[in-house]
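> Input sequences plus hints: build the corresponding full structure.
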Amino acid sequence: MNQAMICPLILVVEDDKEYQELLERGHKRSQISCEFKIVDSAEEAFQYLENHHTIPNLILLDYDLPGMDGLQMVEELKKSSYRALPILMFSVHNRPQLIEQAYEKGVSSFIPKPEGYTSIIELWHSICTFWGEYASLPTLT
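For what it's worth, the working numbering labels the leading residue of the sequence shown as 1, then goes sequentially.
Mixed in with the good hints there might be a few duds.
Cross-link-like lysine-lysine pairs, in silico, PhoX-like; alpha carbons within 25 Å at most [as the list claims (entries may be wrong)]: (1) Lys37 x Lys17; (2) Lys78 x Lys37; (3) Lys37 x Lys113; (4) Lys79 x Lys37; (5) Lys113 x Lys28; (6) Lys78 x Lys105; (7) Lys17 x Lys28; (8) Lys37 x Lys105; (9) Lys79 x Lys105; (10) Lys78 x Lys113; (11) Lys113 x Lys17.
If you anchor each label on the Cβ, the simulated ranges turn out as follows [unchecked claim]: (12) Ser136 x Arg95: 29 to 35 Å; (13) Gly116 x Glu43: 25 to 31 Å; (14) His53 x Ser33: 16 to 22 Å.
Bear in mind the hints are in silico, worked out from the structure with no lab data behind them. Just so we're clear, the structure is a prediction, and the values are computed from it rather than from any experiment. All residues carry an ideal CB built from backbone N, CA and C; glycine is no exception.
If you want it as structure tokens, here you go:
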């Protein structure tokens with residue numbers, strides 16, 4: 001177990017407003033201590049990274065986004081000063097080819113997009129337990 005448990009800040013990139021609300025409700029119900037910020041697109045995520053002093057500890061990234069999709073965002077992140085940020089991609093499209101492409105581009109994990117309130121609560125618990133208690137995360141400045 002990681003000696004210094006951190007409270008990870010998670011940047012969530014998700015365009016679906018209903019799913020955003022489900023993530024927010026699930027986070028509140030999970031009663032976990034990690035914080036999160038939701039943005040609607042890859043472009044907005046890059047704006048957030050450039051304009052905020054607090055850099056997230058990891059990114060939860062939907063594959064299917066308007067404009068730049070999740071794979072394109074991963075490519076751009078890996079060329080930037082944020083290349084060490086862990087990226088958890090999720091999608092309703094769980095095709096083997098997409099999963100392989102995601103890992104080739106550099107995601108840390110690819111998970112099926114949770115459906116339903118209970119699955120969202122479990123997602124928050126899993127992310128915050130693993131990334132907050134067990135994983136050693138990079139410090140970016």
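> Determine for every hint whether it applies to the structure shown.
Right, here's what the structure says about each hint:
The hinted pair formed by lysine 37 and lysine 17 meets the criterion: a straight-line CA distance of about 14 Å does not exceed 25 Å. For a cut-off of 25 Å, the pair hint linking lysine 78 to lysine 37 stands: about 21 Å separates their Cα positions. The hinted pair formed by lysine 37 and lysine 113 meets the criterion: a straight-line CA distance of about 18 Å does not exceed 25 Å. Between lysine 79 and lysine 37 the CA atoms are separated by roughly 23 Å; this keeps the pair inside 25 Å, and the hint holds.
The suggested pairing of lysine 113 with lysine 28 holds, with an alpha-carbon distance near 19 Å, which does not exceed 25 Å. Of the supplied pair hints, the one linking lysine 78 and lysine 105 holds, its CA atoms being roughly 8 Å apart against a limit of 25 Å. Straight-line distance between C-alpha atoms of lysine 17 and lysine 28 comes to about 17 Å, which keeps the hinted pair within the 25 Å bound. Between the alpha carbons of lysine 37 and lysine 105 the distance comes to roughly 23 Å, so the proposed pair stays at or under 25 Å and holds.
Among the hinted pairs, lysine 79 with lysine 105 is consistent with the structure: their alpha-carbon atoms are about 11 Å apart, no more than 25 Å. Among the hinted pairs, lysine 78 with lysine 113 is consistent with the structure: their alpha-carbon atoms are about 23 Å apart, no more than 25 Å. At roughly 15 Å between alpha-carbon atoms, lysine 113 and lysine 17 fall within 25 Å of each other, so this suggested pair holds. Hint check: serine 136 to arginine 95, Cβ distance near 31 Å, so the stated range 29 to 35 Å holds.
Roughly 29 Å separates the CB atoms of glycine 116 and glutamate 43, a value that falls within the hinted 25 to 31 Å. Separated by about 20 Å at the C-beta atoms, histidine 53 and serine 33 satisfy the suggested range of 16 to 22 Å.
Violation of the numbered hints given earlier is absent; every hint is satisfied by the structure.
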